[in-house]
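From first to last, the protein sequence lines are chains A and B.
Offset between the first sequence (1-based) and my numbering: plus 9.
Offset between the second sequence (1-based) and my numbering: plus 3.
Keep in mind that a hint or two might mislead.
[To be verified] Okay, derived cross-link-like pairs now, DSSO-like style, lysine-lysine, Cα gap no bigger than 27 Å in a straight line:
{"#": "1", "chain 1": "A", "residue 1": "16", "chain 2": "B", "residue 2": "186"}
{"#": "2", "chain 1": "A", "residue 1": "16", "chain 2": "B", "residue 2": "53"}
{"#": "3", "chain 1": "B", "residue 1": "92", "chain 2": "A", "residue 2": "169"}
{"#": "4", "chain 1": "B", "residue 1": "249", "chain 2": "A", "residue 2": "46"}
{"#": "5", "chain 1": "A", "residue 1": "41", "chain 2": "B", "residue 2": "223"}
{"#": "6", "chain 1": "A", "residue 1": "286", "chain 2": "B", "residue 2": "92"}
{"#": "7", "chain 1": "A", "residue 1": "16", "chain 2": "A", "residue 2": "228"}
{"#": "8", "chain 1": "A", "residue 1": "207", "chain 2": "B", "residue 2": "96"}
{"#": "9", "chain 1": "A", "residue 1": "46", "chain 2": "B", "residue 2": "96"}
{"#": "10", "chain 1": "A", "residue 1": "297", "chain 2": "B", "residue 2": "92"}
{"#": "11", "chain 1": "A", "residue 1": "297", "chain 2": "B", "residue 2": "249"}
{"#": "12", "chain 1": "B", "residue 1": "223", "chain 2": "B", "residue 2": "10"}
{"#": "13", "chain 1": "B", "residue 1": "96", "chain 2": "A", "residue 2": "169"}
{"#": "14", "chain 1": "B", "residue 1": "53", "chain 2": "A", "residue 2": "286"}
{"#": "15", "chain 1": "A", "residue 1": "41", "chain 2": "B", "residue 2": "60"}
{"#": "16", "chain 1": "A", "residue 1": "16", "chain 2": "B", "residue 2": "249"}
{"#": "17", "chain 1": "A", "residue 1": "189", "chain 2": "A", "residue 2": "156"}
{"#": "18", "chain 1": "B", "residue 1": "60", "chain 2": "A", "residue 2": "286"}
{"#": "19", "chain 1": "B", "residue 1": "96", "chain 2": "A", "residue 2": "296"}
{"#": "20", "chain 1": "A", "residue 1": "169", "chain 2": "B", "residue 2": "255"}
{"#": "21", "chain 1": "A", "residue 1": "158", "chain 2": "A", "residue 2": "183"}
It should be emphasised that the hints constitute simulated quantities derived from the structure, not laboratory data.
No experiment lies behind these values; they were computed from the predicted model shown.
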Amino acid sequence: MRFAAIKTIYENALKNKNVYFLTGDLGHFGEKEFAEKIPHQYHNVGIAEQNMVGIAAGLALTGKKIFAYSIVPFVTLRCLEQIKNDVCYQNLDVTLIGVGGGLIYGPYGNTHCSIEDVAVMRALPNMKVVCPANAPETEQIIKQLMKIKGPTYVRIGRGKEPMPATSYTVSFGKGKIINKGTDIVIFSTGTILEEAQKLVQMLTDAGISTELINLHTVKPIDKNLILKKIRTRRAIFTIEEASLIGGLGSAVAEIVSESSKRNLVFKRFGVNDLYLKEIGDQNYLRKKHHLSAETIYPVIIDKIT
Amino acid sequence: MTVAKIKAVAREIRKHVIEMAYNAGGAHIGCSLSVVDVLACLYFNTLNIKPKLPHWKERDYFILSKGHACSALYATLAERGFFSPALLKRYMKNGSPIAGHVTLDSLPGIEATTGSLGHGLSLGTGIALSLKNDNKNSKVYVLVGDGEMEEGSVWEAVMFGGHNKINRLILIIDNNDLQIIGKSTAIMHSHPFEEKLESFGWKTVSINGHNINEIIDACKQTGREKPLAIIAKTIKGKGISFMENKLEWHGKSLTRDDYEKAIGELNKIP
Ligand SMILES: Cc1ncc(C[n+]2csc(CCOP(=O)(O)OP(=O)(O)O)c2C)c(N)n1
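Isolated chain A (complex conformation):
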């Protein structure tokens, strides 16, 4: 996903001299050519993320289109007030690319994991939040963002996300039906889609007609689609590799609770509101947070039977 992101920005930067890429000393993902071919549009601002976002906003004030890149916590929380005042308040054309969303940096500890970012970015007025699930989604979303202005946060993985079995297209702001079903629906966002797909297979095998919808765009959320599903399905579940507080599950819950539907089964699956004392790889931590297909499956069965 890192290669896909940087490659797509580079290709567009070659065509448009106003497209800039800033990094806080992170990379080695194909940006070397970028730096050599169009040095005015590529800047390693050093390990200084607050300055990076401020500079991004300054560049955007003169009409440039900026993509600023670092590991999720450093490009979101470290520079939060620069994002709020400089980018969002002034409503500028800056896209933050956060690498390593969720638990993928697990062995490196909680300084590098990111469970708070989706909620925090979602709370900022003018900010758009997108969590692609894999490299092709990342590429498509970034291409679309070339034509969409304003503050955006794109939360990507770290590289080992599986490629989709069959190719499909995604559109910014619109949910993508990955698997058709008529009984229950699961909304997923980001790289945990692979786990959601396993889960859907398990439920389908158990005879439960399960629809899987990829809500890569968490903000603005595809409200019409969610309302339609609230009306026509008997149970709704959300899955995300982010805190249970404030992310996709909360966004869907806000719509569910304000709808007039009664007797809807609804449950969110996400990262618990705590910093685990133990570390582990992504799969290990998903299990610990009850976010693996195997740990979610019995909970859903229990809820719908």
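Following the hints, put chain B with the ligand in place on chain A, whose structure we already have.
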């Protein structure tokens, strides 16, 4: 401890660093090797500590602000007797508390969580201020990377330390001139550090960060009026010929071959 003994300890720490990185299947190596000699001097000479009483109230503090070099710190603490070296096998493993960045309470002897760059000097300043107000003699040593010096927050702490004459605060800069994408001096003109720090009210000492005598001597240079900054010229990947000054060894995984070659080189040191 004699210089020869500290050198021998440093060699053991380097071996642990290599084994831990190999075991973990990818970790920060060059970054850790860079700080080994400084850590060996601190823990085997300078710091006033009791490994069996990690929370002893009169102790000196050490904060590894470049928390990604944690394997060197864990290995040093193990060698110093804070815990059994057997625990190092759990570095970055599923279910273990020992993360790839320094984490408070994960092991005895760790004073603060770091990993996001640019936090350690502020944390150390707070500890030093508290000790000063409580009339304790303890000192606080904070090790930062030269790339890390690009973070503005470091300079906010530098300003505070100088202004408030936090004389028990010692900043050590691991000046290896490499970060992730390239040479620090090419990315940002934050060097030279000496003049800048002095203008902020710090005393500075510049040394070879792999020379045991120079490190030990520099750590003694604290004064009454000013915080002390030690600018330690180091080599990223120090001690393993094929890793020295090589950008890619910031965090590359070791093959079996690399591992054996590295351990072989360390075993040859007397
Ligand atoms: C706030 C923050 N930004 C970015 C990173 C990612 N990162 C880890 S190590 C590193 C380079 C550090 O350079 P330096 O301080 O010189 O340490 P060394 O290369 O000597 O280990 C970067 C950018 C981080 N850990 N924290």
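Agreement of residue 286 of chain A and residue 92 of chain B with the hint, judged by alpha carbon distance not exceeding 27 Å: holds (17 Å)
When you check the alpha-carbon spacing of residue 169 of chain A and residue 255 of chain B, does it fall within 27 Å? This hinted pair holds, its Cα atoms lying about 16 Å apart.
Check whether the Cα positions of residue 158 of chain A and residue 183 of chain A lie no farther apart than 27 Å. Satisfied, since the Cα-Cα distance of roughly 17 Å is no more than 27 Å.
Holds or violated: residue 297 of chain A and residue 92 of chain B, Cα atoms, limit 27 Å. holds (21 Å)
Can you confirm whether the C-alpha distance between residue 207 of chain A and residue 96 of chain B stays at or below 27 Å? Holds, because 25 Å separates the two Cα atoms, which is no more than 27 Å.
For the pair supplied as a hint, residue 60 of chain B and residue 286 of chain A, is the alpha-carbon distance within the 27 Å limit? Holds. Residue 60 of chain B to residue 286 of chain A sits at ~25 Å (cutoff 27 Å).
For the pair supplied as a hint, residue 16 of chain A and residue 228 of chain A, is the alpha-carbon distance within the 27 Å limit? Given pair residue 16 of chain A, residue 228 of chain A holds - Cα atoms ~25 Å apart, limit 27 Å.
Going straight from one Cα to the other, do residue 41 of chain A and residue 223 of chain B come out at no more than 27 Å? violated (44 Å)
For a C-alpha distance cap of 27 Å, please report whether residue 41 of chain A and residue 60 of chain B respect it. violated (50 Å)
Proposed proximity, residue 186 of chain B with residue 16 of chain A (alpha carbon, max 27 Å): holds (24 Å)
Would the pair residue 96 of chain B and residue 169 of chain A pass a check requiring their Cα atoms to be no farther apart than 27 Å? Distance of about 19 Å is within 27 Å: holds.
Restraint check for residue 189 of chain A with residue 156 of chain A, where alpha carbons must lie at most 27 Å apart: Violated: residue 189 of chain A and residue 156 of chain A sit about 30 Å apart, past 27 Å.
Hints 2, 5, 9, 11, 15 and 17, counting from the list given before, are not met by this structure.
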